[in-house]
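Q: The lines below spell out each chain.
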Amino acid sequence: MRGAGAKARNWALVAIATLCGCAARAPFDREAYLEAASLKAQALAVMDRATEPFARHREAIEQLEQSVLEAQRRALHRPHNEESARQWAILADPERHSLFGFLGRWKTQGQLDAEFVAEAKGLVAEGFDAILELEAAKREPRAGRRAR
Amino acid sequence: MASFRRFWQELVQELGAYAEAQWEGHGAAARRDIEAFLSRTRGDLERWTTLLASGALTREDFEWLVLGKRDVVELAALKRKGVGKAALDRFRAGLVELVVTAAFRAFL
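So the protein lines, in turn, are chains A and B. Count the first sequence with numbering that gives the first Met the number 0 and you get residues 0 to 147, in order. Count the second sequence with numbering that gives the first Met the number 0 and you get residues 0 to 107, in order.
The shape of chain B in the complex, shown without the other chains (with noise of 0.2 angstroms):
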């Protein structure tokens, strides 16, 4: 799997470039995107590049495979938002119970 390592290396290198020319400014966020993407696909991706070699996967194969990762990663990003939005409604709810407690042991 020396080759894989190579390719992750070279493959880590050029998307850090890729980040900083296309988004100008948004390096920081850029990167984080392209930090939770590699992490979230190293072992897929280490997977289907020997599948790839033996030709038990087509280049058309391989390229909807990676773009299919990245929708993975959109819907895991969605996820997160949605749970953080549940985690608000917990606070919210939390902080009513403590005021309304704290009020009538202060008043009553």
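Extracted from the complex, chain A is given alone in its bound form (with noise of 0.2 angstroms):
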């Protein structure tokens, strides 16, 4: 009975140096989570004031573009994080048609028109569900089902 016993703990530490010894994406990272929902608030919030003057808003401005930077290294460092660093990497790349190219184009043409705010916003909104929404795939299933 030993000799069967020391077979199934041999069979289970194989199973699970194989099985999870590669795990193919970062874990849910809640900081992560908050901070991308915070961030998509102030963004919106931000863009909204495009029909003014970029100089009247250029402190608010610079702030956002500083902690997305910060959000996109923190996901840049996350191993098995390609995905969601990638996604920040176009939402902060000016020449790209997301939030930075957007406030990029609002310096360059000083003001912006509120029909286009608006349907602007809504494609950065939908950039930053993607992002909030692939965190959250992250979560581990809960607890409670369990294998017979």
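Among the hints, erroneous ones may be present.
Unchecked claim - Ranges of calculated distance between the beta carbons of each label pair, as one might list FRET restraints:
hint: 1; chain 1: A; residue 1: 27; chain 2: B; residue 2: 8; range: 42 to 48 angstroms
hint: 2; chain 1: A; residue 1: 27; chain 2: B; residue 2: 20; range: 41 to 47 angstroms
hint: 3; chain 1: A; residue 1: 66; chain 2: B; residue 2: 19; range: 43 to 49 angstroms
hint: 4; chain 1: A; residue 1: 30; chain 2: B; residue 2: 87; range: 19 to 25 angstroms
hint: 5; chain 1: A; residue 1: 27; chain 2: B; residue 2: 3; range: 39 to 45 angstroms
hint: 6; chain 1: B; residue 1: 17; chain 2: A; residue 2: 88; range: 45 to 51 angstroms
hint: 7; chain 1: B; residue 1: 53; chain 2: A; residue 2: 61; range: 31 to 37 angstroms
hint: 8; chain 1: B; residue 1: 5; chain 2: A; residue 2: 72; range: 44 to 50 angstroms
hint: 9; chain 1: A; residue 1: 78; chain 2: B; residue 2: 79; range: 30 to 36 angstroms
hint: 10; chain 1: A; residue 1: 41; chain 2: B; residue 2: 65; range: 40 to 46 angstroms
hint: 11; chain 1: A; residue 1: 109; chain 2: B; residue 2: 7; range: 30 to 36 angstroms
hint: 12; chain 1: A; residue 1: 50; chain 2: B; residue 2: 53; range: 39 to 45 angstroms
hint: 13; chain 1: B; residue 1: 17; chain 2: A; residue 2: 51; range: 38 to 44 angstroms
Stated by the list, open to error - One side only, chain B facing chain A, incomplete, derived with CB under 10 angstroms:
hint: 14; residue: 41
hint: 15; residue: 45
hint: 16; residue: 52
hint: 17; residue: 56
hint: 18; residue: 57
hint: 19; residue: 63
hint: 20; residue: 68
hint: 21; residue: 78
hint: 22; residue: 87
Simulated from the structure, these hints should not be mistaken for laboratory data. Remember, it's a predicted structure, so these values are computed and weren't measured experimentally. No residue lacks a Cβ here, since even glycine has one placed at the ideal position from N, Cα and C.
Hey, can you piece these two chains together into the complex? The hints should help.
A: Shown next, in the form of structure tokens:
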């Protein structure tokens, strides 16, 4: 019977080493999720002011940019987090047509039309939602379902 | 909105031809990308073309928004890829539990 027990332990060890040794993705990070949710709210609030002169809101814009770049850096340094890091990179790329692209256009044009701002806000909100949904998907499933 | 319907039909046809011409040999993948883009974009395009026609959006605004939608589609694709990995991890975790439970049941 002891031999059978040792065999079972070996089985379990081999299975765990083989299957758990290579996680495909970063674990859920509550701080990262809350930070993304907060940045979404901040970004949309700043975008709301884009019908006014850029210079009047320069400080809030620069603060937002710094916070987004910080979130991007953190995402980049989490292991197995490539997709989230690439999502932040799109939002933070002034050459793309997401948050930083919008801020760049605001800076260049001085101020933007209300219709354009409303539509662009929808796109940036969708971008943040994609980041939030991916982070949420990293949560472990609820306990209680055990194999029999 | 009859004019939007015509615009949409022409756009779908033109994009299909564009995919065939630009990605010879990868037509199926290109078509899938285009279909994903179109299915996510139709409602927005309908609104944006109305705003463009009324002068509420400029040509540059319209172009920026379409490019922005392309970025949203890419963000969504990255989400799907990441969610797939998360599902794979959950599958692996469940597999471990099954293997361990089966081993204990068989040998202990």
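Q: Is the hint on residue 52 (chain B) kept, meaning its closest Cβ partner in chain A is under 10 angstroms away?
A: Hint on residue 52 (chain B): violated, closest Cβ of chain A at ~12 angstroms, above 10 angstroms.
Q: A closest beta-carbon separation below 10 angstroms is what the hint needs, so does residue 56 (chain B) meet it against chain A?
A: The hint holds - residue 56 (chain B) has a Cβ within 10 angstroms of chain A, the shortest such distance being about 6 angstroms.
Q: So does residue 27 (chain A) sit 42 to 48 angstroms from residue 8 (chain B), Cβ to Cβ?
A: Given about 44 angstroms between the Cβ atoms, the range holds.
Q: For the hint 40 to 46 angstroms, verify it against the beta carbon of residue 41 (chain A) and that of residue 65 (chain B).
A: 26 angstroms, violated
Q: Would you say the C-beta atoms of residue 17 (chain B) and residue 88 (chain A) sit inside 45 to 51 angstroms of each other?
A: Violated - the Cβ-Cβ distance for residue 17 (chain B) and residue 88 (chain A), about 27 angstroms, lies outside 45 to 51 angstroms.
Q: At a threshold of 10 angstroms, is the proposed contact between residue 57 (chain B) and chain A supported by beta-carbon distances?
A: 8 angstroms, holds
Q: The hint names residue 63 (chain B) as touching chain A; please verify it with the least Cβ-Cβ distance against 10 angstroms.
A: At about 6 angstroms, which falls below the 10 angstroms cut-off, the nearest Cβ of chain A leaves the hint on residue 63 (chain B) intact, so it holds.
Q: Starting from the range 41 to 47 angstroms, see whether the pair residue 27 (chain A) and residue 20 (chain B) falls in it by beta-carbon distance.
A: 44 angstroms, holds
Q: Hint says 44 to 50 angstroms; check whether the CB-CB distance for residue 5 (chain B) and residue 72 (chain A) agrees.
A: Since residue 5 (chain B) and residue 72 (chain A) have Cβ atoms about 48 angstroms apart, the given range 44 to 50 angstroms holds.
Q: Is it true that the C-beta distance of residue 53 (chain B) to residue 61 (chain A) lies inside 31 to 37 angstroms, as the hint says?
A: 35 angstroms, holds
Q: Holds or violated: the hint that residue 87 (chain B) contacts chain A, with Cβ atoms closer than 10 angstroms.
A: 5 angstroms, holds
Q: Using the Cβ atoms, figure out if residue 50 (chain A) sits within 39 to 45 angstroms of residue 53 (chain B).
A: Distance hint for residue 50 (chain A), residue 53 (chain B) is violated at roughly 18 angstroms.
In this structure, the hints that do not hold are numbers 6, 9, 10, 12, 14, 15 and 16, in rising order.
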